[in-house]
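Enquirer: In the numbering used here, the protein residues as written are 18 to 701.
None of these hints come from the bench; they were simulated from the model.
Quick caveat: nothing in here was measured; it's all calculated off a predicted structure.
Don't take each hint at face value.
Claimed, not checked - Straight line, CA to CA, 20 Å or less: simulated EDC-like cross-link-like pairs of lysine to aspartate or glutamate:
#1 Lys389 to Asp376
#2 Lys188 to Asp276
#3 Lys497 to Glu531
#4 Lys349 to Glu405
#5 Lys484 to Asp427
#6 Lys430 to Glu471
#7 Lys188 to Glu209
#8 Lys410 to Asp440
#9 Lys605 to Glu471
#10 Lys478 to Glu520
#11 Lys506 to Glu533
#12 Lys188 to Glu219
#13 Lys651 to Asp692
#14 Lys430 to Asp450
#15 Lys637 to Asp602
#16 Lys551 to Glu586
#17 Lys89 to Glu219
#18 Lys484 to Glu471
#19 Lys693 to Glu658
#20 Lys478 to Asp550
#21 Lys573 to Asp621
#22 Lys605 to Asp569
#23 Lys89 to Glu282
#24 Lys571 to Asp550
Stated by the list, open to error - Pairwise CB distance ranges (calculated):
#25 Arg173 to Gly61: 53 to 59 Å
#26 Lys430 to Lys573: 47 to 53 Å
#27 Ser168 to Glu697: 46 to 52 Å
#28 Ser508 to Leu483: 44 to 50 Å
#29 Gln526 to Gly671: 24 to 30 Å
Here a beta-carbon is modelled for each residue, glycine too, at the ideal position from N, C-alpha and C.
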Amino acid sequence: MAKTLDSQRTYALVGTGGSGKTSLAEMLMFQSGVINRLGKIEEGTTSLDYEPEEVKRRGSIQPGFATMDWNKNRHFLMDIPGDNNFVGDINYLLFGVDGAVFVIDAVDGVRPLTSRLWNFVQEANLPSIIFINKMDRDRANFDSAFNGLSSILGIRPVLLQVPIGQGDDFKGYVDVLNNKAFFFNEDGTTAEGDVPEDLADEVTMLRETTIENIAESNEELMENYLETGELSQDEITSGLRDGVLSRELIPVMLGSALDNRGGTELLNAVQDLLPSPLQHPAWMDKEGNERLSSPDEQLALLTVKTLTDPFSGQLSIMRVLSGSFSGDATVKNVNHDETERIGAPLFMNGKESSPAKGDIGPGSIIAVPKLKVTKTGDTLADPKASFEVLMPKLPPNLISYAIAPKEKGDEDKIYAAVQRLLDEDITLTLSRDTESSDILLSGMGQLHIETSVERAMRRYKCDMVLKTPKIPYRETIKGKAQVQGRHKKQSGGRGQFGDCWIEIEGMPQGFGYEFENAIVGGVIPRQYIPAVDKGIQEAAQRGCLAGFPLVDFKVKLYDGSYHSVDSSEMAFKIAGSLALKGAMDQVKPTLLEPIVLITVHIPDEFMGDVIGDLSSRRGKVLGSDSQTGITEIKAHVPMGEVLRYAPDLRSITGGQGVFTMEFDHYEEAPPPVIDKVVAEKKAS
Numbered sequence: 018m019a020k021t022l023d024s025q026r027t028y029a030l031v032g033t034g035g036s037g038k039t040s041l042a043e044m045l046m047f048q049s050g051v052i053n054r055l056g057k058i059e060e061g062t063t064s065l066d067y068e069p070e071e072v073k074r075r076g077s078i079q080p081g082f083a084t085m086d087w088n089k090n091r092h093f094l095m096d097i098p099g100d101n102n103f104v105g106d107i108n109y110l111l112f113g114v115d116g117a118v119f120v121i122d123a124v125d126g127v128r129p130l131t132s133r134l135w136n137f138v139q140e141a142n143l144p145s146i147i148f149i150n151k152m153d154r155d156r157a158n159f160d161s162a163f164n165g166l167s168s169i170l171g172i173r174p175v176l177l178q179v180p181i182g183q184g185d186d187f188k189g190y191v192d193v194l195n196n197k198a199f200f201f202n203e204d205g206t207t208a209e210g211d212v213p214e215d216l217a218d219e220v221t222m223l224r225e226t227t228i229e230n231i232a233e234s235n236e237e238l239m240e241n242y243l244e245t246g247e248l249s250q251d252e253i254t255s256g257l258r259d260g261v262l263s264r265e266l267i268p269v270m271l272g273s274a275l276d277n278r279g280g281t282e283l284l285n286a287v288q289d290l291l292p293s294p295l296q297h298p299a300w301m302d303k304e305g306n307e308r309l310s311s312p313d314e315q316l317a318l319l320t321v322k323t324l325t326d327p328f329s330g331q332l333s334i335m336r337v338l339s340g341s342f343s344g345d346a347t348v349k350n351v352n353h354d355e356t357e358r359i360g361a362p363l364f365m366n367g368k369e370s371s372p373a374k375g376d377i378g379p380g381s382i383i384a385v386p387k388l389k390v391t392k393t394g395d396t397l398a399d400p401k402a403s404f405e406v407l408m409p410k411l412p413p414n415l416i417s418y419a420i421a422p423k424e425k426g427d428e429d430k431i432y433a434a435v436q437r438l439l440d441e442d443i444t445l446t447l448s449r450d451t452e453s454s455d456i457l458l459s460g461m462g463q464l465h466i467e468t469s470v471e472r473a474m475r476r477y478k479c480d481m482v483l484k485t486p487k488i489p490y491r492e493t494i495k496g497k498a499q500v501q502g503r504h505k506k507q508s509g510g511r512g513q514f515g516d517c518w519i520e521i522e523g524m525p526q527g528f529g530y531e532f533e534n535a536i537v538g539g540v541i542p543r544q545y546i547p548a549v550d551k552g553i554q555e556a557a558q559r560g561c562l563a564g565f566p567l568v569d570f571k572v573k574l575y576d577g578s579y580h581s582v583d584s585s586e587m588a589f590k591i592a593g594s595l596a597l598k599g600a601m602d603q604v605k606p607t608l609l610e611p612i613v614l615i616t617v618h619i620p621d622e623f624m625g626d627v628i629g630d631l632s633s634r635r636g637k638v639l640g641s642d643s644q645t646g647i648t649e650i651k652a653h654v655p656m657g658e659v660l661r662y663a664p665d666l667r668s669i670t671g672g673q674g675v676f677t678m679e680f681d682h683y684e685e686a687p688p689p690v691i692d693k694v695v696a697e698k699k700a701s
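Go ahead and model the full structure; you've got the sequences and the hints to work with.
Expert: Here's what the structure looks like:
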């Protein structure tokens with residue numbers, strides 16, 4: 018089995034949305050014979066984008082998986098979405114592969130999101146190949162895209178191919194290391210020809226540079242190169258592979274996936290340069306124990322994704338970490354301490370699947386249907402050899418929307434429907450707002466939320482609407498007052514009587530709430546004092562200005578009176594509530610608005626527009642930093658001004674800007690905002 022695993026490859030296609038990853042996957046599947054025709058994203062016919070929401074938006078919203086044979090070698094391919102809305106779980110997905118093909122758009126080149134995705138690949142320590150796609154498109158600029166790899170991503174790329182023409186004139190490429198030209202035929206195959214005269218000198222120079230880069234990645238090769246001024250073909254080949262595996266070298270290739278150009282060359286490069294599962298670094302569990310990626314170790318699998326199949330139901334997509342089995346295994350879900358049975362593992366090709374036959378060893382990506390408790394991120398292991406992988410933290414949700422049924426009374430139905438989506442998408446969070454009772458769906462962006470709701474309605478036949486959630490304002494006070502709260506009710510029989518005097522005072526932000534008992538002489542019996550405190554706290558939760566919780570104040574209970582028959586805990590609770598409400602006319606209540614820290618990454622040319630837009634949202638720019646063509650802007654902005662920031666930033670930057678935001682602090686709202694919020698409260 019070791020010989021088979023040594024030639025097996027498990028890799029991910031990574032790149033921004035629109036770079037052509039799914040078309041590239043389609044070409045690789047076509048070249049390897051998995052499919053007999055090339056599908057097109059525009060027609061909704063690709064193998065890996067099959068969900069109706071993906072077809073509608075012409076872009077991936079979930080990872081696609083393919084199992085291929087190339088020259089009798091098994092390849093497992095993972096197509097990772099590139100839209101900022103759908104990359105929240107990329108760290109989990111990259112746990113499932115040994116290498117990456119990083120896709121760059123020849124038209125748009127390196128963009129801010131490109132840098133973010135490349136950082137994920139680097140953090141995962143994945144040997145990589147860069148593929149510059151869409152060389153046939155109008156405005157394709159290979160030099161600009163290639164130069165961005167070093168100037169923006171900060172890598173030292175090793176150029177293996179030089180394009181012959183670009184755009185409508187894209188004819189083929191020159192193999193730099195072998196100094197040979199290849200011209201594409203209509204069916205995507207190539208025919209060898211002469212190197213064009215206008216490229217001959219450039220290719221000679223590039224070959225020298227590429228060989229120098231290979232030599233510099235290895236001390237022994239460097240010594241040979243300095244002595245002889247040349248490397249043998251075997252040294253070049255082995256040096257290039259070793260450099261890729263050590264991540265010292267990043268080879269660059271090119272093509273046009275839509276025109277079926279460059280697929281054979283890329284598959285050969287994946288086979289020759291990317292690592293096998295046997296070369297994966299030892300896996301580490303939560304206790305720091307290591308497990309080799311070897312078929313001779315005990316069995317362990319990691320769930321990298323959960324999908325729903327219309328026929329098989331829930332599918333757990335797993336990477337075999339260690340050990341091997343042949344189609345049937347009893348394992349322990351280490352995270353939930355439950356036994357699971359893997360009875361019918363599948364190999365995936367988009368929505369199509371086939372039984373996984375033969376030995377299934379490290380590096381294999383399989384789909385397992387109908388497991389009982391297994392979720393994304395769970396480790397399944399041999400019951401006698403427990404092993405739980407330590408998973409990375411997920412990024413915080415960026416945006417929340419309130420969801421509500423179109424028909425009253427269906428709240429539980431929509432809650433249950435969306436809850437089922439959470440099994441698939443671990444970057445979604447479902448909660449209830451205790452202040453408004455809204456059902457809140459939180460995710461990575463507006464498109465993420467909208468797509469998830471569409472999917473829930475389609476699958477589970479429930480109608481719901483999205484609403485912008487209520488901003489979690491807070492109320493506070495700026496003054497100090499002494500007030501009486503007196504509750505007296507007599508309507509025959511035992512009455513109700515509670516009387517208290519409190520001193521209430523506004524405190525600095527972040528203080529919270531403090532209750533001081535200053536009663537002396539028993540003017541209020543001890544058993545009634547907690548009731549006053551409780552009444553004040555309950556009234557504070559309802560607010561006094563616009564219905565938002567009152568925060569950052571101190572109350573001192575210092576006097577009062579009671580009736581030996583009519584007083585009760587309830588009476589003093591009401592008295593405490595009345596005292597708080599009565600103080601509001603004297604203590605200058607005001608509204609606090611939540612402020613978020615927003616971090617925006619944009620091309621330099623959009624810096625002025627973005628800063629101007631943030632300022633128009635009452636934002637305070639904290640600073641900016643420009644590196645290699647990309648500017649990072651940090652700003653404090655009121656949450657109410659950026660609830661729908663994603664589409665606005667997309668419009669300003671032509672889709673090239675990305676951002677993250679997190680709650681930072683509260684600030685006093687300006688009078689116009691207070692007036693607006695109070696008016697909305699009265700109207701509702």
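Enquirer: For each hint, tell me whether it holds in the structure or not.
Expert: Here's how the hints hold up against the structure:
1. Lys389 to Asp376: 24 Å, violated
2. Lys188 to Asp276: 11 Å, holds
3. Lys497 to Glu531: Given pair Lys497, Glu531 holds - Cα atoms ~14 Å apart, limit 20 Å.
4. Lys349 to Glu405: Measuring from Cα to Cα gives roughly 10 Å; hence the hint holds.
5. Lys484 to Asp427: Roughly 16 Å between the alpha carbons, so the hint for Lys484 and Asp427 holds.
6. Lys430 to Glu471: Holds, at about 15 Å.
7. Lys188 to Glu209: Holds, at about 12 Å.
8. Lys410 to Asp440: 17 Å, holds
9. Lys605 to Glu471: 46 Å, violated
10. Lys478 to Glu520: This hinted pair is violated, its Cα atoms lying about 55 Å apart.
11. Lys506 to Glu533: 27 Å, violated
12. Lys188 to Glu219: 17 Å, holds
13. Lys651 to Asp692: 29 Å, violated
14. Lys430 to Asp450: Satisfied, since the Cα-Cα distance of roughly 18 Å is no more than 20 Å.
15. Lys637 to Asp602: 33 Å, violated
16. Lys551 to Glu586: 10 Å, holds
17. Lys89 to Glu219: It is violated: about 36 Å lies between the C-alpha atoms, which goes past 20 Å.
18. Lys484 to Glu471: 14 Å, holds
19. Lys693 to Glu658: 14 Å, holds
20. Lys478 to Asp550: Since the Cα atoms of Lys478 and Asp550 sit roughly 47 Å apart, the hinted pair is violated (cutoff 20 Å).
21. Lys573 to Asp621: 55 Å, violated
22. Lys605 to Asp569: Measuring from Cα to Cα gives roughly 13 Å; hence the hint holds.
23. Lys89 to Glu282: Satisfied, since the Cα-Cα distance of roughly 16 Å is no more than 20 Å.
24. Lys571 to Asp550: 11 Å, holds
25. Arg173 to Gly61: 53 to 59 Å: 40 Å, violated
26. Lys430 to Lys573: 47 to 53 Å: 49 Å, holds
27. Ser168 to Glu697: 46 to 52 Å: 49 Å, holds
28. Ser508 to Leu483: 44 to 50 Å: Taking Cβ atoms as reference, Ser508 and Leu483 lie about 48 Å apart, which means the hint holds.
29. Gln526 to Gly671: 24 to 30 Å: Since Gln526 and Gly671 have Cβ atoms about 39 Å apart, the given range 24 to 30 Å is violated.
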